[in-house]
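With the hints as your guide, set chain B onto chain A.
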Amino acid sequence: DAGVIQSPRHEVTEMGQEVTLRCKPISGHNSLFWYRQTMMRGLELLIYFNNNVPIDDSGMPEDRFSAKMPNASFSTLKIQPSEPRDSAVYFCASSPRTLTSTEAFFGQGTRLTVV
Amino acid sequence: DAKTTQPPSMDCAEGRAANLPCNHSTISGNEYVYWYRQIHSQGPQYIIHGLKNNETNEMASLIITEDRKSSTLILPHATLRDTAVYYCIVRGTTDSWGKLQFGAGTQVVVTP
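In order, the protein sequences belong to chains A and B.
My numbering numbers the first residue of the first sequence as 1 and each following residue consecutively.
My numbering numbers the first residue of the second sequence as 116 and each following residue consecutively.
Just chain A, with the same shape it has in the complex (with noise of 0.2 Å):
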């Protein structure tokens, strides 16, 4: 399995466009999680969506972040409009839920720099 992709590695922006960061989960994982990272703040939880549905989204900073799960196997994560205190790493996390609790896997990050 390739494990977690995300994508775009890189993103670059001008302030008040719009971004998409994608990820697509490992197969037959059920969870999935967006987070993102600043030497701030650290790593943040933003949501997470259990069988394609969101769970629990209150880590997610204000109305111009939102994030769907159409499908098992893809996830996006927009902002609009972006701006420079969006700049981060934001990084997708699959797991299979089961009764015992089990690991997630990361991607390899979106590194989102707003100008």
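Quick caveat, the hints were computed from the structure, so don't treat them as lab data.
In this text, all values refer to a predicted model and were calculated from it rather than measured experimentally.
Don't take every hint at face value.
Claimed, not checked - Away from chain B, derived, C-beta distances all over 10 Å, residues of chain A:
1. GLU18
2. ARG22
3. PRO61
4. ALA104
5. THR113
To be verified - Here are the simulated distance ranges between beta carbons:
6. A:ARG85 / B:SER156: 28 to 34 Å
7. B:ASN138 / A:GLU44: 19 to 25 Å
8. A:SER66 / B:PRO122: 51 to 57 Å
9. A:MET15 / B:THR187: 32 to 38 Å
We put the CB at the ideal spot given by N, CA and C, even for glycine.
Just chain B, lined up with the frame of chain A:
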């Protein structure tokens, strides 16, 4: 609401065992202790997890105290590639299952 406390940094000599402590005094009965690490510029990587008993895999050993209020991750023979930030996380199996919340972690530097 930090559930774990870790030292911010520690050094370890290559080839020696690295013992990474973690305090989780408010852990509840259905919460597991997880360890992840993040090598520079990469996504976090799962290492090991446990509930009550000590655990061992090919990467590390996890020692959990009997009262479960603290644990120690042991890297038996540290290599330069083990230089990373190590995160100790408590995670439930019910409503809080999805909340894999990362703290500041411990920056481990393995030196030659």
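That 19 to 25 Å hint for ASN138 (chain B) and GLU44 (chain A) (C-beta), does it hold up?
22 Å, holds
At 10 Å, judged by beta carbons, does THR113 (chain A) keep clear of chain B as stated?
15 Å, holds
Does the no-contact call for ALA104 (chain A) survive, Cβ to all of chain B over 10 Å?
6 Å, violated
When you take the CB atoms of ARG85 (chain A) and SER156 (chain B), is the distance between them in 28 to 34 Å?
Violated: the Cβ-Cβ distance is about 21 Å, outside 28 to 34 Å.
Evaluate the given range 32 to 38 Å for the C-beta pair formed by MET15 (chain A) and THR187 (chain B).
At 46 Å between Cβs, range violated.
The hint says 51 to 57 Å between SER66 (chain A) and PRO122 (chain B); measuring C-beta to C-beta, is that right?
38 Å, violated
In terms of Cβ atoms, is chain B entirely out of 10 Å range of GLU18 (chain A)?
24 Å, holds
Beyond 10 Å from every Cβ of chain B: is that where the Cβ of PRO61 (chain A) lies?
16 Å, holds
10 Å cut-off, C-beta based - ARG22 (chain A) kept clear of every residue in chain B:
Consistent with the label, ARG22 (chain A) stays out of reach of chain B, its closest Cβ about 15 Å off (over 10 Å).
Taken one by one, the earlier hints fail for this structure at numbers 4, 6, 8, 9, listed in ascending order.
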